[in-house]
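> Go ahead and model the full structure; you've got the sequences and the hints to work with.
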Amino acid sequence: MNRKTRITGTLFIGTTAFSAFLIIAVIIILLVVIVIGGKDTFSWKFLTSFPQDGMMKGGIFPAIYGTALLVLIMSVAAVPFGTITAIYLTEYASEKSILAQTIRFAVRTLATVPSIIFGLFGLGFFIKFVGGEMDSVFLGGQLKWGQPNILWASLTMALLTLPVVIVSVEEAIRAVPREMREASLALGATKWETIRRIVIPGSRSGIMTGTILAISRGAGEVAPILFTGAAYYLASLPTSLSDQFMNLGYHIYIMATQSANVDQTLPIQFATTLVLLMLTFMLNLTAVIIRSRLRRKAK
Amino acid sequence: MDNPVANKGFVFTKESLQKKFRLSEFLSEKIITGVAFLSITIIILIFFFVFRETLPIFSSKKDTTKVETVQKQEQYRGEDPKGPTNASGQEQYGVTTKDTMMIENQAKVEDTVVHEADEATMKNLIGKEWFPVSDRPRYGLIPLLVGTLKITLLAILFAAPIAILAALFSASFAPYWLREIIKPAIELLAGFPSVVIGFFALMVMASFFQNIFGYDTRLNAFVGGVAMALAAIPIIYTITEDALTAVPRSYTEASLALGASRWQTALFVTLPAATPGIFAAILLGIGRIFGETMIALMATGNAAMISVNPFESVRTLAATIGAEMAEVVFGDTHYSVLFLIGSLLFIFTFGLNALAEFYVKGRLVKRFQGK
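Sequences listed follow chains A and B, in order.
Going left to right, the first sequence walks through residues 1 to 299 as my numbering numbers them.
Going left to right, the second sequence walks through residues 1 to 371 as my numbering numbers them.
If you're looking for bench data, these hints aren't it; they were derived computationally from the structure.
Please read all numbers here as calculations on a predicted model, not as lab measurements.
For every residue, glycine included, the Cβ atom is placed at its ideal position computed from N, Cα and C.
Don't take every hint at face value.
Simulated crosslink set (DSBU-like; lysine-lysine; CA at most 35 angstroms straight-line) [claimed, not checked]:
{"hint": "1", "chain 1": "A", "residue 1": "Lys45", "chain 2": "A", "residue 2": "Lys297"}
{"hint": "2", "chain 1": "B", "residue 1": "Lys183", "chain 2": "A", "residue 2": "Lys39"}
{"hint": "3", "chain 1": "A", "residue 1": "Lys57", "chain 2": "A", "residue 2": "Lys45"}
{"hint": "4", "chain 1": "B", "residue 1": "Lys183", "chain 2": "A", "residue 2": "Lys96"}
What the simulated footprint calls covered on chain A by chain B, stretch by stretch (three residues with Cβ under 8 angstroms from a Cβ of chain B suffice, anywhere in the stretch; the number is not a length) [what the hints assert, rightly or not]:
{"hint": "5", "segment": "19–26"}
{"hint": "6", "segment": "200–209"}
Here it is, written out as C-alpha cells:
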C-alpha cells in the first residue's frame with residue numbers, strides 16, 4: 001500500500017473517531033455544567049419544600065410530586081395496553097399478516113409523532129371531546145373535566161409512551177425460548193395458559209424495562225402537558241384527578257423563560273434541571289443494565 | 001383430563017383431533033386482538049381530532065366542503081417560500097425586537113385585543129407576517145415555515161455527518177471495549193429530556209457561541225440548530241449503526257480478501273451497502289427536529305421573521321403551538337390556525353416516517369437477498 005493511501009486512511013479513521021469523541025465530550029460537558037450549576041442549591045430540603053416568595057426561593061417538592069403522580073397514572077394506562085399489544089404481535093399475529101404489519105406501522109408512527117401533536121390531541125380529544133361530554137352528560141354543563149387536569153395529561157403521556165413499552169416487551173417476549181412454549185403446549189396447556197404461565201413470567205424483566213423507559217420518557221417530556229394539565233404554580237398538591245399539577249420539566253421551562261427575574265432564580269433552575277437529569281439518567285441506566293443482561297441471556 | 005396420550009385405549013377420531021372450543025381461549029384472543037388495534041385507533045383519532053379543530057377556518061367563509069378542499073390545496077402550495085408571494089399586510093404592525101420572547105409581547109398586547117377582522121382567509125394564511133394577537137391579526141405561516149426549514153437544515157447539517165461518522169467508527173474501527181462505552185453513552189443522550197437540552201442551550205451554549213461568533217441576537221437559529229442536533233444525533237447514530245452492522249460479513253470479507261484495507265472497506269463497501277438505512281436515519285432525524293418543541297421554544301429566540309442569516313432569531317411551527325396554545329381563546333380563529341399548524345406537522349412527520357419505512361424495507365430486502 002502506498003503512503004498516500006495510508007495517510008488518507010489514518011485521516012479518515014481519525015475523523016470518525018473524532019466525531020464519536022465529540023459526541024461523548026458534549027455529553028460529559030452537559031452533565032458537568034448542570035452538576036456544577038446545581039450542586040450548591042441541591043439539598044434534601046430543596047427536594048422536600050415548597051417554592052417560596054413567588055418561586056424566587058424554596059424547593060420543588062410540588063413539581064416532584066406532580067411528576068411522580070403523572071408517571072404513575074401514565075404507567076397504569078400504558079403498561080397493560082403496551083404489554084397486551086406486544087403479546088398480540090408476538091404470539092397471535094402471523095408475521096406476514098397485513099393486520100400485524102399495519103399495527104407495527106402504527107406503533108412506529110406513534111413513536112415518531114412530534115410530542116406537541118400529542119398535546120394538541122390531548123386538548124382536542126380528552127379535554128374538549130371526552131371531558132366536555134362528561135361534563136354535559138353527568139354534571140349538566142358544570143365545568144369540571146372539560147379543562148386541563150392531571151388525568152388528561154397522564155393519558156396524553158400514556159399515548160406517547162405506548163410505543164416504548166410495546167418495543168421493549170416485544171423484545172423480551174421474543175427472548176423467551178421456543179422450547180419452553182412448546183413444552184408447555186405439549187403438556188396440554190392451552191395457548192392462553194402458556195402465555196399467562198410461561199411467556200409473561202418469562203418476559204417480566206422486559207416489561208420492567210419498558211415501564212422504566214416509559215417513566216423516564218414521561219418524566220422528561222414537557223410539550224404534551226403544556227396545555228393539558230401542567231400549572232405554573234400551585235399552593236397545594238393535587239388531590240383529585242381533576243386537579244392541575246406542577247411538573248419538573250415544565251418548572252424548568254417556565255423558570256428559564258418566563259419568570260420575573262431569570263438571573264436570580266438561576267441556581268434553582270440549575271438544581272431543578274439536575275434533579276430531572278438525575279432522575280431520567282438513573283432510570284435509563286437501570287433500563288440499559290437490565291436490557292443488556294436480558295440480551296446476554298438470549299444469546 | 002381429556003389428554004389423549006394418557007388414555008391408553010384412546011382411538012384418534014376426527015372429532016377428538018379437532019380443536020375444542022374453550023371460552024377463556026376465545027375471549028383472551030379476542031380481547032388481545034382488540035387491544036392491539038389500539039395503536040391504529042390512536043393514529044386515526046389523532047388525525048381526526050387534530051383536523052377537526054382546524055375546520056372552523058375553512059367553514060368560516062362558505063360552508064361547502066368543496067371550498068374546503070380547494071383551500072387546503074392552495075394552502076400546501078403556499079408552503080413554498082418562493083411560491084405566490086401574496087403581500088397581505090402592507091403596513092408594519094409593532095416592532096420585531098430581537099432577543100425578546102414573543103410571548104411576553106403578547107401578554108402585554110392581549111388586553112387590547114379586538115377580534116374584529118379575525119379571519120384566517122387564504123390570503124391571510126400565506127402572508128409574510130405572523131401577528132396572531134393584534135388589532136388586525138395576521139396568520140401568515142410563511143415566516144414560521146421558513147424558520148422551521150432553516151433550523152431543520154442547520155440541525156441536520158450538524159447532526160448527520162457527526163452521527164454517521166461516529167456510527168462508522170463504532171461499527172467498523174472501534175475496538176470492542178470502546179464500542180461498549182460509546183454506544184450506551186449515546187443511547188443515554190437519547191434519554192436526556194429535550195427541556196434539559198433546551199435549558200443547556202439557553203444558559204450555556206448561547207453565551208458560548210456568542211463569545212466565539214460575536215453575533216447580536218443571543219438566541220438564534222444557530223444555537224437552536226446545534227441544540228436540536230444534540231437531540232437528533234442519537235436517533236441518526238443508532239439507526240445508522242444498526243444498518244452498518246447488518247451489512248453481511250461476506251461483503252467485508254470479500255473486500256478485505258481482495259486486498260482493500262479496513263478503511264477502504266468501511267468507506268467503499270460497508271457504507272454504500274447501508275445507504276438505505278442511513279437515508280432512513282436521516283429522515284427520522286429530520287422528523288425529530290421538525291417537531292421538536294421545547295428546544296425551539298427555549299433556544300431559538302422565537303421571533304417570526306424571514307431571513308437566511310443563521311444568526312437571526314427564528315420561530316418554528318412547533319414552538320408557535322407550544323407558546324401560544326395556552327393563551328388562546330378556545331374555538332377562535334387563532335386556536336384553529338394553531339391546530340392547522342399541528343396538522344401540517346403531523347402530515348409531514350407521518351410522510352417522513354412512511355417514506356423511511358417503505359423505501360428502506362424495499363431497498364434493503366432487494367440488496368441483501370438479491371430479489
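> Are the hints correct? Go through all of them and say.
Okay, the hints, checked on the actual structure:
1. Pair hint A/Lys45 plus A/Lys297 does not hold up; C-alpha atoms about 42 angstroms apart against a cutoff of 35 angstroms.
2. A C-alpha spacing of about 28 angstroms is found between B/Lys183 and A/Lys39, which places the hinted pair at or below 35 angstroms, so the restraint holds.
3. For the proposed pair A/Lys57 and A/Lys45, the alpha carbon gap of about 12 angstroms is at most 35 angstroms, so the pair holds.
4. Between B/Lys183 and A/Lys96, the direct Cα distance comes to roughly 32 angstroms. Compliance with the 35 angstroms bound is thereby established for this hinted pair.
5. For the segment 19–26 of chain A, the proposed coverage by chain B is satisfied: 6 residues have a C-beta within less than 8 angstroms of a C-beta in that chain, meeting the threshold of three.
6. Note: the segment 200–209 of chain A has 0 residues with beta-carbon separation from chain B under 8 angstroms; the three-residue rule is not met and the coverage is violated.
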